[in-house]
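Peer 1: These are the residues of each chain, in order.
There are 2 protein chains.
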Amino acid sequence: MKLHILGCYAATPRTLTNPTSQVLEIKNHMFLIDCGEGTQVQLRKNKIKFSRINHIFISHLHGDHFFGLPGLISTFRLLGREKEMHVYGPKGIKEAITLFLKLGDSWTNYPLIFHELVSKERQIVFEDDKVSVETIPLNHRVYTNGFLFREKLGERKLNSKAAAAYKIDKVFFKNIKKGNDVILDDGSVISNDKITFDPDKPKSYAYCSDTGFEPEIIPQIKNVDVLYHESTFLESEAKLAPKTKHATAKEAATIAKNATVGTLILGHYSTRYKSIGLFKAEAQTVFENVELADDGKTFEF
Amino acid sequence: MKLHILGCYAATPRTLTNPTSQVLEIKNHMFLIDCGEGTQVQLRKNKIKFSRINHIFISHLHGDHFFGLPGLISTFRLLGREKEMHVYGPKGIKEAITLFLKLGDSWTNYPLIFHELVSKERQIVFEDDKVSVETIPLNHRVYTNGFLFREKLGERKLNSKAAAAYKIDKVFFKNIKKGNDVILDDGSVISNDKITFDPDKPKSYAYCSDTGFEPEIIPQIKNVDVLYHESTFLESEAKLAPKTKHATAKEAATIAKNATVGTLILGHYSTRYKSIGLFKAEAQTVFENVELADDGKTFEF
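Going down the list, the protein sequences come from chains A and B. Numbers given in this note's numbering equal positions in the first sequence, counted from 1, plus 4. Numbers given in this note's numbering equal positions in the second sequence, counted from 1, plus 4.
Heads up, some of the hints might be wrong.
It does not matter which identical chain is used: a pair holds within one copy or between any two.
To be verified - Derived DSSO-like pairs (lysine-lysine); straight-line CA-CA distance at most 27 Å:
1) K161 - K284
2) K278 - K53
3) K301 - K49
4) K284 - K261
5) K106 - K124
6) K247 - K106
7) K301 - K171
8) K278 - K49
9) K198 - K261
10) K178 - K198
11) K106 - K95
12) K87 - K247
13) K249 - K106
14) K171 - K49
15) K182 - K207
16) K198 - K161
The hints are simulated quantities; they were obtained by calculation from the structure and are not laboratory data. No experiment lies behind these values; they were computed from the predicted model shown.
Make a model of the complete structure from these sequences and hints.
Peer 2: What follows is the structure, encoded as structure tokens:
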């Protein structure tokens, strides 16, 4: 898994910082998560191929997470896209994008499929044989979902040396990777664990932005490898957090600690702060393994 | 008058180029003309104070002229704006912006006043005692207006030396600047032309983008000081111009020549071209006084 931070600052795009957008590479998917104004330029700067994006997840319809979407969808058309594009986001997103395209008489040539979300319960919104994506209901001023990306357990890995020692024919390999034993011509049974290794442990990534401090999400994100949690404020502005339904760095760390996640990545910093170093320091008073998102930064895990 | 080019490339924002937006400084106004994605960042880069913008003119509702508007309007709110903002653009613009603000539950705190345009005839859309702005109906794939900005003739300028020589009291100056003669205490009349100079010649700026070659606009823009005319294509792609209702550099120059404008500024270059030098060369085969717009460039006239 690889996470590309395209933008991770709150409120308004500025000369050197961008509103929220990120790309998660997971099992050959390139999932775009949120799409603030300027996302398409950030995709270019970060050398991410537009053609590899087929799924866009929008947490909520505040401008700093959403206003880059009409332009991105239009640019896909200009680039000659033909493949389906799936957009997951709050109800209303279809009407909004459709209106913008209609006013410009600029319908997409490719199928643009909206998956509008209304449920306040968690739900699986995407699933294939390798990955699932489910919503994480968050607590913000408007209807907002985080997203939980989980790899599925892969096939068992063939132990080639052992298979050779047992003189097992290649035709059995596909079946072996599925976990089956092998019955040789002489009737003897080779149990699967002798000729395979365990598959890689499936990885998981939880994206939680924007939200106030919301302990109800902890059971759902328990033990994820990586949690991206918004931290709009430092302790000095902690009073503003509940009013605006945003979180502080310490609150994000408290969620991370109680969910026993592997790594906490902080982001969605208020643009009032001139540097972001203090976010890490304050979070680490609660939870050790903290990373700071920044525009253009990537994380591999 | 001073023109700030914030963006002057067609179609889609890229790492180093921006879609259309410009700011015209004229008689203490800062008029924003078109608002492609990224305009608010370009305003910052070009050090234009957001608070000085009170009027936004949108030519048409294609993304590269319009998709920066929701974000800019939201940012004005975040900056604590209280003054009225006037937006002039094609019918539908109010519904579009209103829907985006509604979905984010982010109404502006300041009065946001839309002046929706539907007429295919030219019309004055803004006027005060110093400036008028009228639409220039253009020929594009969707309903599109250019805008003609005209300074009004100012007051006559006092000839201080002459006024002193005639011993004219200051109380008369306001009246003299309005063009009136002065009657001295002894009954003698000093005619206005002896104590004033002509006011500065009013300047005019015509913005014409996007449009195909449209000679019908020539009478309206006759003798303007500066014409900004789109030139999406070079001669090598001239065939595409009528199909897409865009113009070539030579067509823009032909309009400039027949309208006997002072200076032609070219812009709205197709992003297919790696450099823009040829636009000037091709235009100058028709009309001599050609300038090339480029992002971040300013023109004073």
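Peer 1: Please flag the earlier hints that this structure goes against, numbers listed from lowest up.
Peer 2: Those not satisfied are hints 1, 7, 9 and 14.
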